[in-house]
Each structure stands twice: as C-alpha cells, then as structure tokens.
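Undergrad: Listed below are the residues making up each chain.
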Amino acid sequence: EAQVTQNPRYLITVTGKKLTVTCSQNMNHEYMSWYRQDPGLGLRQIYYSMNVEVTDKGDVPEGYKVSRKEKRNFPLILESPSPNQTSLYFCASSPSGPFFYGYTFGSGTRLTVV
Amino acid sequence: AQTVTQSQPEMSVQEAETVTLSCTYDTSESDYYLFWYKQPPSRQMILVIRQEAYKQQNATENRFSVNFQKAAKSFSLKISDSQLGDAAMYFCAYSLHDMRFGAGTRLTVKP
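Protein chains in written order, with the working numbering: chain W, 272 to 385; chain B, 3 to 113.
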C-alpha cells in the first residue's frame, strides 16, 4: 500500500530533551515536507526537501532540523524542544512538488512538550 | 506570499442537505492549483477535490463540487446530500511552488 509512515503517533516530552519524529514514504516521491498544525492557523510548513541532500526552510523553521540522506526518509529533529512546539505535526510527500498532485500525508504526530 | 482565507471557523448542516464552505486566496500568478482536504477526527488528511486554475470547468467528485471564480480568487466547496461521515475539519489550500493552507472550517452534520 502506498503510504507515508510517521512515528510516533503521540509523544509527550520535557523541555530540552532532544527528540526525532520519523517519516518514511514508499512511493519513490522526490518531494517531502513537514508541517505543523495549530488551531486557527491551519498547517504551516516547517521544512521541505526536493530531493536527497536538498532541504530548505519553510515558514516556521526555528527550533527544527531535518535531513534527507535517503529518498524515502525525512526525519524531523527537535534538538531542544520548548512548550511552544507543542503541536500536531504532519509529514507529507509528493512526486515532484505539491502543486499538481497535492500531498500524501502521514497520520500525524501529536507532540506535547511540558 | 500567497495567503488563503477561510472565513467560517465553524459550519453546521442538517443531514441530507447541502452546505457550502468558503475560501479565498491571494495571488498574482495565473497558473496554480487549488485543493480541499478533509480531516476527520482520525486526523488523517484526505484529498477531497482539486482544481487547476487554467481550467474554467469546476471540478466535481461525487457529492463534492467547487465553485471556482478565478477573477474573484474564490474557491468554495459544496457538499450535497450531507452525510454524518462528512463531519470533519476542511482545509482549503493553494499550491504553486509550495502549498499554503487556510485556517480550516469545522463542519458539523446534524442527524
């Protein structure tokens, strides 16, 4: 089944404790992206990657890191999480960019930082 | 930067009736894509319908259709014969080089 697999589904952590949210797609998509969803703000892009080893900032990159060492994987790293990073996070992929095909989304990660 | 506005934070509809969700966007481009995504309580993002800006014909997918007014930069979603399973958050999105989302409209369906 073609899908984006995102883990974990729920995560509660403490301020400052490094964490990684994993994302993997099995569709050979070139383009991958991370979004955060907050009430009243919709989804905002954190980082995106157009191909292996090519990443770029989205609208809200502060406090996040990403890497794209393999085509299928695009982990999101929070080096020192803070409470304002409490949010719902989505990984998404697209064949060559979201403009024509739209995205296939992962199932989301609900992150709480206390 | 392109912005997407959904002016209705919440809407409700009676089962079997029709509801229209509004969306406007701001862009200076002539070719782009517009999407509606549904997010049920499971929080999975599901593509409902897509519209290509260079196509004048409004897109339709079963009970879902859009009213695309390019000059007005408006892209509303009409849901006909509403069903309980249509209850969800609906996001409008604009896409060209990246994808930008509106704040969402929460739709409640009353039995």
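These aren't lab readings, by the way, just hints derived from the structure by calculation. Please note that the accuracy of each hint is not assured.
[What the hints assert, rightly or not] Where chain B lies over chain W, by a calculated footprint (3+ residues, C-beta under 8 Å):
(1) 308 to 315
(2) 366 to 372
[Stated by the list, open to error] Taking lysine to any residue pairs in the SDA-like style, the calculated list, with each CA pair at most 20 Å apart, reads:
(3) B:Lys75 / W:Thr293
(4) W:Lys328 / B:His99
(5) W:Lys328 / W:Leu282
(6) B:Lys72 / W:Thr293
(7) B:Lys72 / W:Lys336
(8) W:Lys342 / B:Thr5
(9) W:Lys336 / W:Phe370
(10) W:Lys336 / W:Tyr372
(11) B:Lys75 / W:Phe370
(12) B:Lys57 / W:Lys336
(13) W:Lys328 / B:Lys112
(14) B:Lys57 / W:Thr293
(15) B:Lys57 / W:Lys328
(16) W:Lys328 / B:Pro43
(17) W:Lys328 / B:Lys72
(18) W:Lys328 / B:Gln4
(19) B:Lys112 / B:Gln4
[Unchecked claim] Computed list of chain W residues with no C-beta within reach of chain B, every gap over 10 Å:
(20) Glu272
(21) Val285
(22) Gly287
(23) Ser295
(24) Ser304
(25) Pro332
(26) Glu341
(27) Ser358
Predicted, not measured: the structure shown is a model, and the values here were computed from it. Glycine included, every Cβ here is placed at the ideal spot set by N, Cα and C.
Undergrad: Could you run down the list of hints and mark each one as holding or not?
TA: The hints, checked one at a time:
no.	hint	verdict
1	308 to 315	holds (count 5)
2	366 to 372	holds (count 4)
3	B:Lys75 / W:Thr293	violated (37 Å)
4	W:Lys328 / B:His99	holds (13 Å)
5	W:Lys328 / W:Leu282	violated (24 Å)
6	B:Lys72 / W:Thr293	violated (39 Å)
7	B:Lys72 / W:Lys336	violated (37 Å)
8	W:Lys342 / B:Thr5	violated (30 Å)
9	W:Lys336 / W:Phe370	violated (24 Å)
10	W:Lys336 / W:Tyr372	violated (26 Å)
11	B:Lys75 / W:Phe370	holds (17 Å)
12	B:Lys57 / W:Lys336	violated (38 Å)
13	W:Lys328 / B:Lys112	violated (42 Å)
14	B:Lys57 / W:Thr293	violated (38 Å)
15	B:Lys57 / W:Lys328	violated (31 Å)
16	W:Lys328 / B:Pro43	violated (29 Å)
17	W:Lys328 / B:Lys72	violated (30 Å)
18	W:Lys328 / B:Gln4	holds (16 Å)
19	B:Lys112 / B:Gln4	violated (34 Å)
20	Glu272	holds (14 Å)
21	Val285	holds (24 Å)
22	Gly287	holds (27 Å)
23	Ser295	holds (17 Å)
24	Ser304	violated (8 Å)
25	Pro332	holds (13 Å)
26	Glu341	holds (22 Å)
27	Ser358	holds (12 Å)
In terms of the numbered hints stated before, the structure departs from hints 3, 5, 6, 7, 8, 9, 10, 12, 13, 14, 15, 16, 17, 19, 24, listed from lowest to highest.
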